[in-house]
Each structure stands twice: as structure tokens, then as C-alpha cells.
Amino acid sequence: MTETTRKTGVSRRTLLKSTAGLAGLAAGSGAITGFPYVMSTEPKVLRYLGTAVNEGDDISKQCLKDTGIKIEYITATTDDVTKRVMTQPNSFDVLDTEYFSLKKLVPSGNILALDSKKIKEFDNITPVFTKGETPGGKKIGSQGTAPWKVLYLEGKDSKTFSKTATEFVTLIPTVYNADTLGIRPDIIKRPISSWAELLNPEFKGKASILNIPSIGIMDAAMVVEATGKYKYADKGNMTKEEIDLTMKVMTEAKKAGQFRAFWKDFNESVNLMASGETVIQSMWSPAVTKVRSMGIACTFQPLKEGYRSWASGFCVSKGVSGPKLDWAYEFVNWFLSGYAGAYLNRQGYYSAVLSTAKANMEPYEWAYWMEGKPAEKDIKAPDGSLLEKAGAVRDGGSYEDRMGGVACWNAVMDENDYMVRKWNEFIAA
Amino acid sequence: MDTSEDILQQPSPDLVRGSETARPAKAARLSPSFISWLQAGPMMLVFLAFFLIPLVFVVIVSFWDYNEYQLLPTFSGRGYTDTFEGCIAQLPDLCTIGRTYVKTLKLCVMVWAITLFIGFWVAYFLAFHVKSKTWQMGLSLLCTIPFWTSNVIRMIAWIPLLGRNGLVNSGLVKSGLINQPLEWLLFSEFSVVLALVHLFTFFMVVPIFNSMVRIDKSLIEAAYDAGATGFQTLVNVIIPLAKPGIVIGSIFVITIVMGDFITIGVMGGQQIASAGKIIETRVNALQFPAAAANAVILLVITFLIITMMSRIVDIKKEL
Chain A
1 MTETTRKTGV SRRTLLKSTA GLAGLAAGSG AITGFPYVMS TEPKVLRYLG TAVNEGDDIS
61 KQCLKDTGIK IEYITATTDD VTKRVMTQPN SFDVLDTEYF SLKKLVPSGN ILALDSKKIK
121 EFDNITPVFT KGETPGGKKI GSQGTAPWKV LYLEGKDSKT FSKTATEFVT LIPTVYNADT
181 LGIRPDIIKR PISSWAELLN PEFKGKASIL NIPSIGIMDA AMVVEATGKY KYADKGNMTK
241 EEIDLTMKVM TEAKKAGQFR AFWKDFNESV NLMASGETVI QSMWSPAVTK VRSMGIACTF
301 QPLKEGYRSW ASGFCVSKGV SGPKLDWAYE FVNWFLSGYA GAYLNRQGYY SAVLSTAKAN
361 MEPYEWAYWM EGKPAEKDIK APDGSLLEKA GAVRDGGSYE DRMGGVACWN AVMDENDYMV
421 RKWNEFIAA
Chain B
1 MDTSEDILQQ PSPDLVRGSE TARPAKAARL SPSFISWLQA GPMMLVFLAF FLIPLVFVVI
61 VSFWDYNEYQ LLPTFSGRGY TDTFEGCIAQ LPDLCTIGRT YVKTLKLCVM VWAITLFIGF
121 WVAYFLAFHV KSKTWQMGLS LLCTIPFWTS NVIRMIAWIP LLGRNGLVNS GLVKSGLINQ
181 PLEWLLFSEF SVVLALVHLF TFFMVVPIFN SMVRIDKSLI EAAYDAGATG FQTLVNVIIP
241 LAKPGIVIGS IFVITIVMGD FITIGVMGGQ QIASAGKIIE TRVNALQFPA AAANAVILLV
301 ITFLIITMMS RIVDIKKEL
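Here the protein sequences line up with chains A and B, keeping their order.
Residue numbering for the first sequence follows the UniProt record's numbering, starting at 1 and increasing by one per position.
Residue numbering for the second sequence follows the UniProt record's numbering, starting at 1 and increasing by one per position.
Honestly, the hints are just simulated from the structure, not real lab data.
Accuracy of the hints is not assured; some may be wrong.
[Stated by the list, open to error] Negatives, chain B to chain A, calculated, CB over 12 Å: (1) Leu55; (2) Phe125; (3) Ala228.
[Claimed, not checked] Derived DEER-like restraints, expressed as beta-carbon distance ranges: (4) Ala113(B) with Arg190(A): 42 to 48 Å; (5) Gln90(B) with Lys61(A): 56 to 62 Å; (6) Gly138(B) with Val45(A): 44 to 50 Å; (7) Phe47(B) with Tyr230(A): 53 to 59 Å; (8) Ala113(B) with Lys70(A): 52 to 58 Å.
Beta carbons: idealized from backbone N, C-alpha and C, even for Gly.
Construct the entire structure; sequences and hints are all you get.
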């Protein structure tokens, strides 16, 4: 190149200049040559903030195929999602978050409620969310931040939750589940039927809970009630005295060496269980499935005191309006239309609209995951890997039994500030 | 090579002559102190924009009030009073913050002592026993290996090694040395110290090595000629001359360990208190003023430690 430069007498500087100019021209024209078919309309892109639960690649690919909306995932932990909504409300369009964080999010004014009339399947959403009962009519425990307590707002920009149904929905329900303890039946070798077993000295150094204070204390409260020490009016909203009492029980257990480690991340919980570091711990359904798919016995043990449940849904950032808001509705409607619901059901979660998910699942899959029947054929995960051999039965049984057995919901307490201080004291003990 | 030729060709003779005449005149007008300010300026601006101003914000926010979902910009000492809650009432028992700092300092001293011991000897080996520069470089790069993996991967990697059914335990059980697996190998103070030492010895090695290679070899020969034993040379010649490196390395290690919460959390099974973890828990609960107050407390304590250390050795003078 330098040879030609010398011959033609072009200096390096002019060459650089002209190249830069050309590059600039190319970049400028790129917008035109790159997208020749969408010159009149903007590309449909939605920035989707949430935890990893719903953020499957298959879901975003299918969404692009069906609706032309490109989903850009922003993945964060539950705590960080909330933090981001508070501090950077313009950094996302669609928010996928849990109902219990609404007590913080709604008063901040950083999120926009969606209009239920624009949600096609809204009337088909499971009564778990709207009435607090299963489709079969079983009443669901309402302690903690149960979704039906915070589902509606009084008005479009209201910061007050409405007790009756309105068209302003804080979060359009998507996914939920009933959580319990995961155990290693091959090591424990006896039936486990109560939350009290979590603090049983028999499992000293082999138990674990979540390292999220608001959820960890709920698990502890389940244990306290199970041992008959105390009965809470609302485990999800303790008084200071109740927090002290619960933390005292936890502190004693910690000092006695009951806990091996606290976990925060899905993979941490899988590793603790799979390696045998823990044999009993609070867990998520897909984590149990993952341990099992490694060939290690692990049971998502139903307990007589019931499940601790959680639920999440969609809303949008307050900065979303115009066509973007329309795409958001289009996306939420697509999400409830079946493909995503079936995908989540096959992971062991539950979808908000059961009818559309059912239409997208094979009858034998539906029978295994939702009806608690023995699997007719091998059960496969969404990615095609083998989860259960034919004949297996889902832990905890049917949807009715599992969701009907929910005792309390993840929550943010009124005394949250005090609880967090006590949690730090517990860690330092 | 071609490029350098081009550059040489480019400036016209006029330009060169012009700059020659202009330069001395300009330099005369600029005072030496102005020039040194100019040289320090860019770094100062970066420091101001990305450290001092944010720090001022942290201090201001630490005196604000807060509720569940927002900061309230009214003066409040709540972040501090909450932090020191029960510190007088619980005497002679330590309060939460007291216990947390005792634990953090204990870990800090243990890690500091071990990294100093290992780091010193690694640096000594590199500086005095490895003759070739290439080998010195290559071997120091080896010390950076622990930084090649993420914290999560590292944690997952420790379980098969130190866990209840891990390599170490099964080896010990099979060899008949112990009957029961050792529980304290993982999720304990031991594993925290191990991981921190594994990570941060490097920060000790580099400054000490740097001090050591600059020791004039003739001084060591002189000591030898004067009849000093190896130990006497080490204590009276090498250690005093390597002091600045030791202090700088110590400052690195102590400041990092004081503020660490990820390694302590992961390796301690989230059950060991640390100053950083208190801040993390507060931030996660969106209690920013309380977190800021704790950050200020941590900063003050770390600053005191460093001041004490720089009292022992005047780094500015030694450098």
C-alpha cells in the first residue's frame, strides 16, 4: 500500500482522511441499505427486564417469528430488577417481576399499569390470581403479598391497590409456582412430611435456605409454626416481636451449625444438593428437576403445612407510550397465547392462562405436569433432554393439589427495614 | 517501518524552524510549578470526577432519610443510629456492627499475614534466584491465573475439591487418616481465608518484587564480604530495602479484604459477616442511605489502618 502511496503522491494523512470520509458515508447510508423493507416503520424492539425464569431464547425466537417483535433480554436477580426499576426506569420497556415487589414499585410511580380490556385472554386467567382459589374451587392461603391483593389499581395513575376488580392491572400474570423443600431421599432414607425437619438436628450442617432475607424469613416462619412454637397472624407481615422471635430460632440453629450455606443463585442450589453438601433445603422446582436430570435422587417434597408460593407478571415502564405501548400489548397478548405458557409448564412452572397452554401441549404432557398422573411416555424438557421416564409421577401431584396447598406468598413486610437489620444481626451471630 | 518514513518525510522545513523559535519563548513564560500542575492535571480531573465527587455524594446521602421506595432528601442520622443500634445497651456483648468488624478485621489480619509470608518468598525467589528477565516475567504472569475465572465458577470449582464428598476429604478418608469427612474445609473461615490468599497473594508479590529487583546487588555482596550470614543479610539489608513494597502490597491486600463481600459470601456460605455484606444487604433492600452510612464507616476505618501503616514507613520518601 505504501508503494502505491508514494507513486501517486498521496500522503498518509490524506489517505486516512479520505478513508474516514468513505467510512462515514458507508455508515450513513447503512441505515438505508441495511433495512430496505422497513423504511416506513421502525423495527419493533422491546427491552425486557426480568429474572431468568421467563427469559428463554426459544420464547424470544418464537415471538419474533409470530409477531415480528424483537425481544432484548436484560437479565438480573430479583433484587437487582427492583433496584433497576427504582433507579433507571428508562432503561427498559417491559418489566417482568414478582408481585411482592409491587409494594415498592407502585408507590415509586416508575411503572405503568396495563389495561385489562386490551388483554385478549384476561378473562381466562386462572382464578388463582383473580379470586384466590384454584379452578376446582379450593381456597388458597392468603398470607403475605398474595397476587389478588395487589392485582388492581384504583385508577390509571393511582398508587393505591384496589380491593375490587378494575381495568387497571398492576402486573398481567404470567408464571407462578408453589415452592417447598427439596430433599435427597437417598441420603435421608425416611419420609419427610413437615417444614420442622429443616431445623431438625439430624440434618446438622446439611440444611440450607435462600439468602434473600424476605424469603428466608418466610421459610423460617413455616418452620416455627410447624414446630408449634408460635402461630403467626400473617407470616408475610410480621410485627417486630414476631421478627425477633423468628430470628432467634434461626440464630440458634445457625450457631448450632444447622446450615451448610445459604444460596441465592439457581446453580448454587443445584450444586449444593447434587454434591451432597446439603440434603434438605428450600428450592425451586426446575432446580430439583435439574438435580434429577444429573441422575441424582432429589424430591420436591410436599409438606403438610403447605407451600410458599410466588408469582410474576408483566407491566411496562412509565416511559413507554405510542407505538411501543402497542407492541408491549401485542407482546403480552402473544405471551398468554399458549406457546410460552406450554414452555413454562414443561419446566415445572405454571402458566397464567391454562387453556391456551393446554392447547400447545401433548395430552400426556398435560396429564403429567398438570393432572398429577403417571407419565404415559418419557417426559422431555423444552430443550428435548429427558426429565422423567415413563411411569413417573410429579412430586406433589396435580395443579389442584399443589396450588390448593399454598399456605403463604413471598412478601415485603411493613417492618422490612427492621427485618433487614435483624438479618444482618443474624449473619453476624 | 514505512510509517516512520512517512512521518519523517511529512513536516516541512518551515514548520520545523518555526517550532524551534517558538518553543523557548513559551517555556520561559510557563513557570515550572504550572507545568507540573499541567502534568498532574488529567489524573486529577479523573480522580475528581470518578472518585471525589461520588464520594461526596455518598457522604451526603448517608445523612438522608429513606422509605421503602425512595430517598428522602431531609437530614437524618438514621443510617448511623440504626447501624450502631444496641452498641451501648448490649455491653459488654458486642453489637451487630461491632461483631461484624471484629470478624472482618480478624479475616483481614489472617489474610494479610499469610499473603505477606507467601508473597515475600515468591518475590524473593523471583528477584534473587531467577536470573533471566523472561523467566521472571513468565513466572509472575503465572500468579495471575486465579483471576482468569469468575467468582461463581471458582465457588463451583471449590466444592468438588473441599466439599464433604470432595477430593481432599475422600482422599483423607480412604487413606485412613480420618473417619468422618472434615466439615470445616468448605463454607468456613478456613475456606474464606484460603480463597482470599489464593486470589490476593499476587498483589503482595508484585510490589515486593518491584522493590527487591531495585536493590543494588553490590550491597548484598558487601554484606556477604563483611561476614554477614544469609539470615543477617535478609533481616538487615533485604527487608529494610523491600519495606516500601511490603507496605504497598499490604495496603492493597488490606483495602481489598476490608471491602470484600463476594468471596467472603461465596466461600463462607453467606454465613460469615463482613462489612461489605452489611452494605450489600442494605442496598438490596433499597435502603441506600443506610448503605451509604455503612460505606462511610468502612472508609473511615480502612483509612485509619492505612494512615497507621504509612506512619511506619514513609512511602513518599522511600519511593
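Violated constraints from the hint list, given by number and in increasing order: none
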